[in-house]
Amino acid sequence: MDAFNNLYTGSSTLPKPAKGVYLSYHEFKNSTPSCTNFEVKFESLADIIYVKEADGSLYPKRNVWGFSDGETVFIRMGSNFFPLYNQERTWEFYGTAAMDFRSFRIPVVPGAGIPLMLAAAGAAEFSQYERRLVNLRAFQVDVENGKFY
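Position in the sequence shown (from 1) plus 1208 gives the number in our numbering.
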């Protein structure tokens, strides 16, 4: 097995990939990013990469495999990016394949109309709307094809 893995990684640690946005695992493996001028916004529900075009405008880039800021490599899983950690001849990360959402609850008062239900619910109940629950678990990147397990 080690001989097979050595075909893809020549040393016990992998080199740092070049700074940039990687659209595929092939680009990442060869350290040839598609875009090098970019910004990342880490949001609560989705992280977004903005690529700077020749005219100076920023455009969101979708279908990205990952990116590197020159120091840390991030992989996309779902709508978010998670940092990759080099573990000898492979890459590992903590990510989540699914997120649970807790929606707001409106108390039901029999015979009451919508205005009474809204007033009874109060602002505190509505502030709970779509609270994200994330359960992280460990994944490993397959060095042959870039899939994670």
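Hints listed in this document are in silico derivations from the structure and should not be mistaken for laboratory results. Backbone N, C-alpha and C fix where the C-beta goes; we use that ideal spot for every residue, glycine too. Where hints are given, some of them may not hold.
Claimed, not checked - Quick list of the computed label-pair ranges, beta carbon to beta carbon:
(1) Tyr1267 / Arg1297: 34 to 42 Å
(2) Gly1264 / Tyr1302: 32 to 40 Å
(3) Thr1298 / Ala1226: 18 to 26 Å
(4) Arg1270 / Arg1345: 20 to 28 Å
(5) Leu1266 / Glu1296: 17 to 25 Å
(6) Leu1344 / Glu1296: 17 to 25 Å
(7) Asn1294 / Ser1232: 36 to 44 Å
(8) Asn1294 / His1234: 40 to 48 Å
(9) Lys1260 / Ser1287: 15 to 23 Å
(10) Asn1238 / Tyr1293: 19 to 27 Å
To be verified - 25 Å max Cα-Cα, derived SDA-like pairs, lysine to any residue:
(11) Lys1269 / Ser1287
(12) Lys1237 / Lys1355
(13) Lys1237 / Met1285
(14) Lys1227 / Phe1347
(15) Lys1237 / Pro1268
(16) Lys1237 / Asn1343
(17) Lys1249 / Thr1304
(18) Lys1249 / Glu1352
(19) Lys1355 / Ala1262
(20) Lys1237 / Ser1252
(21) Lys1249 / Arg1297
(22) Lys1224 / Asp1263
(23) Lys1237 / Arg1270
(24) Lys1227 / Asn1343
(25) Lys1249 / Glu1296
(26) Lys1227 / Met1285
(27) Lys1224 / Gly1286
(28) Lys1237 / Leu1253
(29) Lys1269 / Gln1295
Each hint tested on the structure:
1. At about 36 Å, the beta-carbon gap between tyrosine 1267 and arginine 1297 stays in the expected band of 34 to 42 Å.
2. For the pair glycine 1264 and tyrosine 1302, the beta carbons lie near 36 Å from each other, so the given range of 32 to 40 Å is met.
3. Restraint check, threonine 1298 to alanine 1226: a C-beta distance of roughly 19 Å satisfies the suggested window 18 to 26 Å.
4. For arginine 1270 paired with arginine 1345, a C-beta distance near 25 Å keeps the hint of 20 to 28 Å intact.
5. Checked against the hint of 17 to 25 Å, the C-beta distance between leucine 1266 and glutamate 1296 comes to roughly 37 Å, which is inconsistent with it.
6. For the hinted restraint 17 to 25 Å between leucine 1344 and glutamate 1296, the CB-CB distance of approximately 22 Å keeps it satisfied.
7. A C-beta distance of roughly 19 Å is found between asparagine 1294 and serine 1232, which places it outside the suggested range of 36 to 44 Å.
8. For the pair asparagine 1294 and histidine 1234, the beta carbons lie near 19 Å from each other, so the given range of 40 to 48 Å is not met.
9. Take lysine 1260 and serine 1287: their Cβ atoms lie about 22 Å apart, and the range 15 to 23 Å holds.
10. About 20 Å separates the C-beta atoms of asparagine 1238 and tyrosine 1293, a value consistent with the hinted range of 19 to 27 Å.
11. Under the criterion of a C-alpha separation no larger than 25 Å, the hint pairing lysine 1269 with serine 1287 is consistent with the structure, at around 12 Å.
12. The hinted pair formed by lysine 1237 and lysine 1355 meets the criterion: a straight-line CA distance of about 12 Å does not exceed 25 Å.
13. Annotation: proposed proximity of lysine 1237 to methionine 1285 holds, straight-line Cα distance about 18 Å (limit 25 Å).
14. A distance of roughly 23 Å separates the Cα atoms of lysine 1227 and phenylalanine 1347; the hinted pair therefore holds under the 25 Å criterion.
15. A hinted pair counts as satisfied when its Cα atoms are at most 25 Å apart, and lysine 1237 with proline 1268 qualifies at roughly 23 Å.
16. Distance hint between lysine 1237 and asparagine 1343 is unfulfilled; the C-alpha atoms sit about 28 Å from each other, more than 25 Å.
17. With a CA separation close to 19 Å, the supplied pair lysine 1249 and threonine 1304 stays within the 25 Å bound.
18. With a CA separation close to 30 Å, the supplied pair lysine 1249 and glutamate 1352 exceeds the 25 Å bound.
19. Our distance criterion of 25 Å between C-alpha atoms is broken by lysine 1355 and alanine 1262, whose separation comes to about 32 Å.
20. The suggested pairing of lysine 1237 with serine 1252 is violated, with an alpha-carbon distance near 29 Å, which exceeds 25 Å.
21. Proposed proximity of lysine 1249 and arginine 1297 is contradicted: the alpha carbons are some 30 Å apart, above 25 Å.
22. Annotation: proposed proximity of lysine 1224 to aspartate 1263 is violated, straight-line Cα distance about 30 Å (limit 25 Å).
23. Between the alpha carbons of lysine 1237 and arginine 1270 the distance comes to roughly 20 Å, so the proposed pair stays at or under 25 Å and holds.
24. Annotation: proposed proximity of lysine 1227 to asparagine 1343 is violated, straight-line Cα distance about 29 Å (limit 25 Å).
25. A hinted pair counts as satisfied when its Cα atoms are at most 25 Å apart, and lysine 1249 with glutamate 1296 does not qualify at roughly 30 Å.
26. Proximity of lysine 1227 to methionine 1285 is assessed by CA-CA distance (about 19 Å); at most 25 Å being required, the pair is judged to hold.
27. Pair hint lysine 1224 plus glycine 1286 holds up; C-alpha atoms about 24 Å apart against a cutoff of 25 Å.
28. Distance hint between lysine 1237 and leucine 1253 is unfulfilled; the C-alpha atoms sit about 28 Å from each other, more than 25 Å.
29. The suggested pairing of lysine 1269 with glutamine 1295 is violated, with an alpha-carbon distance near 29 Å, which exceeds 25 Å.
Violated hints for the displayed structure, listed by number in ascending order: 5, 7, 8, 16, 18, 19, 20, 21, 22, 24, 25, 28 and 29.
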